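Generate coordinates for the entire structure from the input sequences, incorporating the hints supplied.
Protein chains: 2
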Amino acid sequence: MTATNKQVIFKDYVSGFPKDSDFDFTTTTVETSVPEGSNSVLVKNLYLSCDPYMRIRMGKPDPSSAALAQALTPGQPINGYGVSRVIESAHPDYKKGDLLWGFVGWEEYSVITTMTHVHFKIEHTDVPLSYYTGLLGMPGMTAYVGFYEICSPKKGETVYVSAASGAVGQLVGQFAKMMGCYVVGSAGSKEKVDLLKTKFGFDDAFNYKEEPDLSAALKRCFPKGIDIYFENVGGKMLDAVLLNMNVKGRIAVCGMISQYNLENQDGVHNLSNIIYKRIRIQGFVVSDFYDKYSKFLEFVLPHIKEGKITYVEDVADGLEKGPEALVGLFHGKNVGKQVVVVAHE
Amino acid sequence: MTATNKQVIFKDYVSGFPKDSDFDFTTTTVETSVPEGSNSVLVKNLYLSCDPYMRIRMGKPDPSSAALAQALTPGQPINGYGVSRVIESAHPDYKKGDLLWGFVGWEEYSVITTMTHVHFKIEHTDVPLSYYTGLLGMPGMTAYVGFYEICSPKKGETVYVSAASGAVGQLVGQFAKMMGCYVVGSAGSKEKVDLLKTKFGFDDAFNYKEEPDLSAALKRCFPKGIDIYFENVGGKMLDAVLLNMNVKGRIAVCGMISQYNLENQDGVHNLSNIIYKRIRIQGFVVSDFYDKYSKFLEFVLPHIKEGKITYVEDVADGLEKGPEALVGLFHGKNVGKQVVVVAHE
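In order, the protein sequences belong to chains A and B. Quick note on numbering: the first sequence equals residues 1 to 345 in the UniProt record's numbering. Quick note on numbering: the second sequence equals residues 1 to 345 in the UniProt record's numbering.
For the record, the hints were derived by calculation from the structure and aren't laboratory data. Among the hints, erroneous ones may be present.
Ranges of calculated distance between the beta carbons of each label pair, as one might list FRET restraints [claimed, not checked]:
{"id": "1", "chain 1": "B", "residue 1": "Gly180", "chain 2": "A", "residue 2": "Phe25", "range": "50 to 58 Å"}
{"id": "2", "chain 1": "A", "residue 1": "Asn261", "chain 2": "B", "residue 2": "Glu320", "range": "54 to 62 Å"}
{"id": "3", "chain 1": "B", "residue 1": "Glu149", "chain 2": "A", "residue 2": "Thr27", "range": "55 to 63 Å"}
{"id": "4", "chain 1": "A", "residue 1": "Pro223", "chain 2": "B", "residue 2": "Tyr148", "range": "23 to 31 Å"}
{"id": "5", "chain 1": "A", "residue 1": "Thr26", "chain 2": "B", "residue 2": "Pro212", "range": "43 to 51 Å"}
{"id": "6", "chain 1": "B", "residue 1": "Ser15", "chain 2": "A", "residue 2": "Ser189", "range": "35 to 43 Å"}
{"id": "7", "chain 1": "A", "residue 1": "Pro35", "chain 2": "B", "residue 2": "Asp204", "range": "28 to 36 Å"}
{"id": "8", "chain 1": "B", "residue 1": "Pro74", "chain 2": "A", "residue 2": "Lys219", "range": "39 to 47 Å"}
{"id": "9", "chain 1": "A", "residue 1": "Gly156", "chain 2": "B", "residue 2": "Asp288", "range": "18 to 26 Å"}
{"id": "10", "chain 1": "B", "residue 1": "Ala3", "chain 2": "A", "residue 2": "Val247", "range": "53 to 61 Å"}
{"id": "11", "chain 1": "B", "residue 1": "Pro212", "chain 2": "A", "residue 2": "Ser189", "range": "42 to 50 Å"}
{"id": "12", "chain 1": "B", "residue 1": "Ser287", "chain 2": "A", "residue 2": "Pro223", "range": "20 to 28 Å"}
Note that the structure is a prediction, hence the values are computed from the model and not measured. All residues carry an ideal CB built from backbone N, CA and C; glycine is no exception.
Shown next, in the form of structure tokens:
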């Protein structure tokens, strides 16, 4: 038996900003059964996640550089994080009807031939399932390990979050507030800035697009300097932050979305502050910390149920809206976590 | 009673490279006794230390930035690390004839009115006293804490040291070899490169001035990548290193001598490797670690006595040679630790 399977195809390596036309649609068929003893699992994809790191995978692979993740393959479907329901399983740990989150194709059905450390069975279903692309998935874990493990935060410290209304930033801000920090975020529109202040409880927020002098904006928001910077954007913002960091400050480098689409990355000029201020800058990749996922759930689920953590999603309805949603991410069009709904069950 | 006291005067704030003419000489007098109960100590300066960080103190102070150390005062003597003998003491811990290393003026005699955490009594005199400006002083401690505390080194790792024949670099290389690391250094002349390979036991070394492509040079020396970079220079070198770092690599930022004399610091473009490779970059200042000084001596003194650690100094003879020696540091004229002898006892 087969079923039709609509797919989003990655046409070719991208330079500069990705465009809708870098993606194509095709409809193919998928076997609705999996070979016994194969460990394969056939899943129906419900939600797909649009994440900034995906841009890095769209570039031509550079064999000399350690890539964050394998490049996408031209002519093949995009893949990334999603939430899916098991349709057929030859894997001992999964049975028909189970839910999982993890790496799948941008298509209606995916066959997962090898379960890896980026596949997780969903055990808690009394929350919106789409949260497993965000708050309860990779971005949530990113905020959790990035803030608690990399930033070494202490009560009363000052925390700055860039791209603060995004999938990760909105959580970092809330975690920092829960710890008793003073938290300021930046984003690229009035709507997002309002969200930071009214919905996520940031102490202050600013629209970086309206600040002619980013360092002056940071000085205004942090007259006593920044202890912790949660870096999501890079480039000029990092340069301005370096001027405003405090002695023994920490910078967790989660992403540099302002740089991913540039042919030549911005030069950062203020790095000698790393010495003067004894700054620690640390890059991290969430998949190194997935062994802490159940600990994270224990921490975060009660907070969600008690309404102490909120989460805002920007939902694109239908696989055919996928490319536009993904491309929009790099122009800051999303307000909150960008999700694509593939199927309403 | 008074004695004449020749001094090196800092004329005015410096921009760009310092020049001999930025300094002046004067001869004044000093009281040869110290008031009882004052805690003051009169010392005769024997050796003065020329260190790269001193350039940072020559710039006009920027009230908005956390300086590494207080700026020099125009019209006053330079100050910095030195080795001195106590002539008169009203301090309970120091008596006439004692030796100390720490902050003193660039002059024949200094009155230390307040002993601070940058003053250390010298207890071990069976080594060259000038070593207390280098191997057994601030640069030695810098190499020790920078390598063992900041780099988190492991046996078998690859270590790259820039400015490797300098006061700090030559020791980092030797410490790394003692730990069983593969160590490569760079320096700016054939003489220095030879020193690295023949005297300090580096596995390999290159002259950065003769490499048109620094990244290619690093790739040649580190075909399997760099685990640890001990950063002394910054700018273009850091950019090249970022391309060659391994996953989970560490960069200890000790100095950025290539940047101190620039009006506009070089832009560093390859910072997104911090994410891809989960790099930790950490700035440090040795004075934060001076509580470990006696532990350092316990570690290093036996190695010196057994000939397992060697140290090369570049000695300028006479206070009047001081400005030239200090200025030469920023042109890489020194071969090894730059010391100025003020007095032969």
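Evaluation of the provided hints:
1. Remark: the range hint 50 to 58 Å for Gly180 of chain B to Phe25 of chain A is upheld by a beta-carbon distance near 56 Å.
2. At roughly 58 Å, the beta carbons of Asn261 of chain A and Glu320 of chain B sit within the given window of 54 to 62 Å.
3. Checked against the given bound of 55 to 63 Å, the beta carbons of Glu149 of chain B and Thr27 of chain A, roughly 59 Å apart, stay inside it.
4. Hint check: Pro223 of chain A to Tyr148 of chain B, Cβ distance near 37 Å, so the stated range 23 to 31 Å is violated.
5. At roughly 47 Å, the beta-carbon separation of Thr26 of chain A and Pro212 of chain B lies within the given 43 to 51 Å, and the hint holds.
6. Distance hint for Ser15 of chain B and Ser189 of chain A: a CB-CB separation of about 41 Å, consistent with the stated range 35 to 43 Å.
7. A hinted range of 28 to 36 Å for the beta carbons of Pro35 of chain A and Asp204 of chain B is inconsistent with their spacing of about 53 Å.
8. Against the hinted window of 39 to 47 Å, the Cβ-Cβ separation of Pro74 of chain B and Lys219 of chain A comes to about 28 Å, which falls outside the hint.
9. For Gly156 of chain A and Asp288 of chain B, the hinted distance range of 18 to 26 Å is satisfied, since their beta carbons lie about 21 Å from each other.
10. Judged by the Cβ atoms, the range 53 to 61 Å given for Ala3 of chain B and Val247 of chain A is violated: they are separated by roughly 40 Å.
11. With their beta carbons about 46 Å apart, Pro212 of chain B and Ser189 of chain A fall inside the hinted range of 42 to 50 Å.
12. In this structure the supplied range 20 to 28 Å holds for Ser287 of chain B paired with Pro223 of chain A, their Cβ-Cβ distance being about 26 Å.
Of the numbered hints listed earlier, those contradicted by the structure are 4, 7, 8, 10.
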